[in-house]
Amino acid sequence: MNANTASNVTPIGAAVRRKEDHRFITGKGRYTDDLHRPGEAQAYFLRSPHAHARIRSLDTAEAAAMPGVVAILTGAELAEDKVGDLICGWMIHSVDGSPMRMGSHPALAKDTVRYVGDHVAVVIAETLNQAKDAAAAIAVDYEVLPAVSDLAQAQAEGAPQLHEVAPRNVVFAWELGDKDATDTAFANAAHVIPIDVVNNRLAPNPIEPRAAIGDYDSGDDAFTLWTTSQNPHLARLVLSAFVGIAPENKLRVIAPDVGGGFGSKIFIYAEETVCAWASKRVGRPVKWTCDRSEAFLCDAHGRDHITHAELALDPAGRILGFRVKTTANMGAYLSTFASSIPTYLYATLLSGQYDIPAIHCHVDAVYTNTAPVDAYRGAGRPEATFLVERIVEIAARTLKMDSAAFRRLNFVTSFPHQTPVIMNYDAGDYAASLDKALELADYAGFPARKTEAERRGKLRGIGLSNYIEACGIAPSAAVGSLGAGVGLWESAEVRVNPTGNVEVLTGSHSHGQGHETTFAQLVSSRLGIPMDQVSIVHGDTDKVQFGMGTYGSRSGAVGMSAIVKALDKVEAKAKKIAAHMLEAAEGDIEFKDGRFSVAGTDRWLGFAEVALNAYVAHKFPTSEIEPGLKEGAFYDPTNFTFPAGCHVCEVEIDPDTGVTQIVNFTAVDDFGVVINPMIVEGQVHGGIAQGVGQALMESVHYDADGQLVTGSFMDYTMPRAENLPSFRIGLTQTRCPSNPLGIKGCGEAGAIAAPPAVINAITMALGTEDVSMPATPAKVWQIIQAWRAVAQAAE
Amino acid sequence: MALEMSGSYELPVTREKAWEALNDAEILKRCIPGCEELEKASDTEMKAVVVSKIGPVKAKFRGTVTLSDFNAPESYRISGEGDGGIAGFAKGGALVELTSSETGTTLVYKAEAQIGGKLAQLGQRLVAGTAKKIADEFFKNFAEAVASGDA
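As given, the protein sequences belong to chains Y and W, one line each in that order. Just so we're aligned, residue 745 is where the first sequence starts under this note's numbering, counting upward by one. Just so we're aligned, residue 139 is where the second sequence starts under this note's numbering, counting upward by one.
Each hint should be verified, as a subset may be incorrect.
Computed cross-link-like contacts, SDA-like style, restricted to lysine to any residue with a CA-CA straight-line distance of at most 20 Å [said to hold, decoys possible]:
#1 W/K191 <-> Y/M1458
#2 W/K198 <-> Y/D877
#3 W/K248 <-> W/S180
#4 Y/K1363 <-> Y/Q1289
#5 W/K196 <-> Y/S1456
#6 W/K196 <-> Y/A883
#7 W/K191 <-> Y/D877
#8 W/K198 <-> Y/D803
#9 Y/K1374 <-> Y/M1458
#10 W/K229 <-> Y/A883
#11 W/K196 <-> Y/D1035
#12 Y/K876 <-> W/T182
#13 W/K196 <-> Y/N873
#14 Y/K1523 <-> Y/N1168
#15 W/K167 <-> W/G193
#16 W/K229 <-> W/A285
#17 Y/K876 <-> W/K196
Here chain Y is said to cover these stretches of chain W; the calculated rule only asks that three of the stretch's residues, wherever they fall, bring their Cβ under 8 Å from a Cβ of chain Y [what the hints assert, rightly or not]:
#18 152–164
#19 204–213
#20 277–287
Rather than coming from a laboratory, the hints here were simulated on the basis of the structure. Since this is a predicted model, take the numbers as computed values, not measurements. The beta carbon of each residue, even a glycine, is placed where N, CA and C say it ideally should be.
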């Protein structure tokens, strides 16, 4: 008996190195751009240089005759082949009951372009340079139309209109919560704290730009699309059912190694649609790889809200009500999930960690002549958290209460807790994460550090952020009732091979999360086999049964729960087989540490032996038990999960230069059960860096004409290592009660928690609440100068 | 993206000579950096093809140059717009004023330009720097042309 012993097992909770990293750091990754199809041609998109224009005429004759050109396709050919519009998959209804106003979104413009970068034509040529040269020779006669790029102006009287179906550019006017109860809370309030915030627009900038190869096989009348997707099955569904490229059984979508997504690779864009469609039209594989400049123009952006809110407090500082009015920028077209972000992923989190009896939120979503806006790391929850944690901080300061004490007074302390905005918090201990964070951050020692900094002429501040997010999206019926066009379950299939090693096929998709490691840890610990005997297969619609992909920190809570379900079935069947092999009753078989044993005896079989017998099928009646050992499962969550925690940021500002240095950053998170603490810590680090990026540096800016002026890394600043200190990381744990592993999710926490922590620290240091993101040195310096001028005038 | 530029140049010729040169398509063609074609369509309008390189973007602009607001021999407005294909577009204009000075003529210009598409994406610093350089080069060429008596 040669069963693997438990010492070969990698348990849940072990900080093992990532299996996939060998491939990545030795240059053996297989990204879409690395792949080449025989006879492939290169695509280049001619994009609109205008934010808003009608195309009077489009002359491709000269360009089509240029060397190497295979074809030039426009909206006319798209219409000729009856290729459908790109869609938005989440229906939102306005307060008056009317459905959201979805403007037509063709993959190539029909007669109007609506943002700089909008798709006018595609040139397909032998080489990319030939395609670019030919694109330069296409003569487009534009009738330039007035554009609106400023979110605040989009609904104004006389503002340029983007879509006929959407008067005043309003996509929807939606609300959540009880308005009357909230008004009553304000009528009874001792204090009302107002706030105006802008949540700055961000460019996602994954390290791997988007790419696609469409390949039509005339022999099978079938398409294969390689694309940088976080959810290849969803891409196939949309391209099949809505865009009409091919039926699902004739369309294979493969998302191989993908280098980061942050949400921007969830969506189904014009480019992959065109590559797939064009490959049949031109009879050649068609490849496109986005360059960095294009990515700034046409990857869906994130955030971009303007909000006015008010918090009602009783005399002691207890929150009575919260009233929110937000205008959200959707850009020029509704991207795949755009409508869900400023609604059900935003307003549902406005209760934060606090027991707030009444909340009302109104959201106007509007079109502007800018790139589409959709989910970006956190997706709605960073916007909610920024608002809640800023207004709570201002409330504490206004009432001259300690920031931590104010929060503690208002915490939700018993679970489950039903908020007034749909969510039912199932488990948490907010005081525990606050306490641990204050200890790790040496909150008590801050006044001494501030005094010391003042001696050096520096302004020092400390800021808290007690965030909560909803992850593990999501219960299918629940999201369906809120307008989602899809269910948000996950699938898994566990294939045990005859020699006892295992392949797991998952509908989740790894694009940096480390699933090949964490999922293998789960299987290793459950089946008692070494991790290197477990392979994780994902990202190919021909291999994996339907799956919903990776976003919203759902792969642990939902994806791994599906694997658990499949493993349960594998174990149940293996026990039956083991019972026959051991000539014992099935009920007497125990499975532990990779051994099937007869209870109360020393008789046992290793996992591999049982696996082999499942396939040779010599020792059990196949009339009762089917040969083989392979089980699939679909898991639909029963609730969202609610990771929460406390981040503490400490800054020092040089008043002469306005430069903000983050001197300490502490993160204490409750992610429930942690599979691999090293990977979790990495996710936290990356999230904080992105959050700090939003708070201090990053901002997409369009000028009044709708030209993108932050279109390169010359003008769009990303955080660098030197902008960040070594983080102090801690974990607290309350088990998530709604999934079998107790997992909550960790992928977005840093990006959600960090921005208000940073701004709360800066506003404390500067002594003014009027600091918008990004708090660049120029902006901070101007605030200090204005404040000095006032001080001088007073002298 | 909007840009604004201004400058002043000393021309060693009389104001009338300078004015003549400013209205001479041949001279303008030689002085506009990267100008490949400049054909008169009327007394005040010319068709132009200009090749410009801004940072990593090299583009051939096809467009029109228009002269207006004549106040001979003191000032006029020269404006143009060009379509640079995939590089984007540029349009703008300059008020050019001539005043007599001790050594000849002082030329002062105030220009504004708007650019869009890939050019705008290059960023204000690069584009503004290059635009200023192109304007300076034009007026430097122009000063040399009138000084050498070509005018």
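Evaluation of the provided hints:
The straight-line distance between the Cα atoms of W/K191 and Y/M1458 is roughly 18 Å, inside the 20 Å bound, and the hint therefore holds. With a C-alpha separation of about 11 Å, the suggested pairing of W/K198 with Y/D877 holds against the 20 Å cut-off. Between W/K248 and W/S180, the direct Cα distance comes to roughly 25 Å. Violation of the 20 Å bound is thereby established for this hinted pair. Restraint check for Y/K1363 and Y/Q1289: not satisfied, since their Cα atoms lie roughly 31 Å apart, outside the 20 Å limit.
Proximity of W/K196 to Y/S1456 is assessed by CA-CA distance (about 17 Å); at most 20 Å being required, the pair is judged to hold. Straight-line distance between C-alpha atoms of W/K196 and Y/A883 comes to about 17 Å, which keeps the hinted pair within the 20 Å bound. Between W/K191 and Y/D877, the direct Cα distance comes to roughly 16 Å. Compliance with the 20 Å bound is thereby established for this hinted pair. The hinted pair formed by W/K198 and Y/D803 meets the criterion: a straight-line CA distance of about 17 Å does not exceed 20 Å.
For the hint pairing Y/K1374 with Y/M1458, the CA-to-CA distance comes to about 53 Å; that exceeds 20 Å, so the pair is violated. Between W/K229 and Y/A883, the direct Cα distance comes to roughly 17 Å. Compliance with the 20 Å bound is thereby established for this hinted pair. Restraint check for W/K196 and Y/D1035: satisfied, since their Cα atoms lie roughly 17 Å apart, inside the 20 Å limit. Taken as a hint, the Y/K876 and W/T182 pair is broken in the structure, with Cα atoms around 35 Å apart against an allowance of 20 Å.
Distance check on the hinted pair: W/K196 and Y/N873 sit about 13 Å apart at the alpha-carbon level, within 20 Å; holds. Restraint check for Y/K1523 and Y/N1168: not satisfied, since their Cα atoms lie roughly 40 Å apart, outside the 20 Å limit. For the suggested pair W/K167 and W/G193, the alpha carbons sit about 23 Å apart, so the restraint of at most 20 Å is broken. The straight-line distance between the Cα atoms of W/K229 and W/A285 is roughly 29 Å, outside the 20 Å bound, and the hint therefore fails.
Note on Y/K876 and W/K196: the hinted pairing holds, with a Cα-Cα distance of about 12 Å set against a maximum of 20 Å. Evaluation of the coverage hint for the stretch 152–164 of chain W: breached, as 0 residues show C-beta separations to chain Y shorter than 8 Å, against a requirement of three. Closer than 8 Å: that is the beta-carbon criterion, and the stretch 204–213 of chain W has 0 residues meeting it against chain Y, so the requirement of 3 is violated. With 0 residues having a beta carbon nearer than 8 Å to a beta carbon of chain Y, the stretch 277–287 of chain W misses the requirement of three or more and the stated coverage is violated.
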